[in-house]
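Peer 1: Single-letter residue listing:
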Amino acid sequence: QSALTQPASVSGSPGQSITISCTGTSSDVGGYNSVSWYQQHPGKAPKVMIYDVRYRPSGVSNRFSGSKSGNTASLTISGLQAEDEADYYCSSYTSISTLEVVFGGGTKLTVL
Amino acid sequence: QVQLQESGPGLVEPSQTVSLTCTVSGASISSGGYYWNWIRQHPEKGLEWIGYISYSGSTYYNPSLRSRVTMSVDTSKNQFSLKLSSVTAADTALYFCAREILVSYYFDYWGQGTLVTVSS
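Those sequence lines, one after another, are chains A and B.
The first sequence: position 27 = 27 (the working numbering), numbered continuously.
The second sequence: position 57 = 1057 (the working numbering), numbered continuously.
Don't read these hints as lab results, they were simulated from the structure.
Be aware that a few hints might be false.
Now the stretches of chain B that chain A is said to cover, found in silico as 3 or more residues with beta-carbon under 8 Å [to be verified]: (1) 1040-1050; (2) 1104-1115.
In silico lysine-lysine, DSSO-like type, Cα no more than 30 Å apart, as pairs [said to hold, decoys possible]: (3) K47(A) / K1083(B); (4) K1083(B) / K1045(B); (5) K1045(B) / K44(A); (6) K108(A) / K68(A); (7) K44(A) / K108(A); (8) K47(A) / K1045(B); (9) K44(A) / K1083(B); (10) K47(A) / K68(A); (11) K108(A) / K47(A); (12) K44(A) / K68(A); (13) K68(A) / K1045(B); (14) K47(A) / K1077(B); (15) K44(A) / K1077(B); (16) K108(A) / K1045(B).
C-beta: ideal position from N, C-alpha, C; glycine also.
Produce the entire structure from the sequences given, and follow the hints as far as they go.
Peer 2: Here it is as structure tokens:
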């Protein structure tokens, strides 16, 4: 069981917007602005899409945006494209024990 | 361009120790400023952080794996390594190495991963 809770799957049509949620606790998501999001295509390494809740690394499309409210972080993808179909994982710094980073269980995004 | 490449045995027998190496190119481990991490992904499942090592050899491990994990760094070869002892089928996973900017808590470069299968 993953420390952070994500929906198993979401779907949307090309051009639409979708949002993936990531729920934690005050010891991780809610307590720190160190939430990041990763995109993983089959057989590939994860790629960071968002870090520190809302910042995009250079080269990541501005169709990807992040936010946080309380213990829940969200990744929004606007103007869905076929290439966005992938698994998405959230992660957060955690103050629990000496664990540094915890991940969500992943969300499969299907572009219809 | 920073690149990380994992290497390992692929197949390991239960109770043995698996050793994995990550070779870094395009960046120097000895320059500091980064943590060098290991992360694994069980089949069809999510990601699990294993731990990190700094250029100086300081380590920080996932408490659930700490008793079985040892990380080391060889700055002359620009490599860092993971040893996981007493492996079981539950350790079968895709193992990634990844770079973390110091105290940023996110991973900006990842290797492609190396599959470790624990089986007799």
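Peer 1: So which of those numbered hints doesn't the model satisfy?
Peer 2: The structure conflicts with no hint, since it agrees with every one listed earlier.
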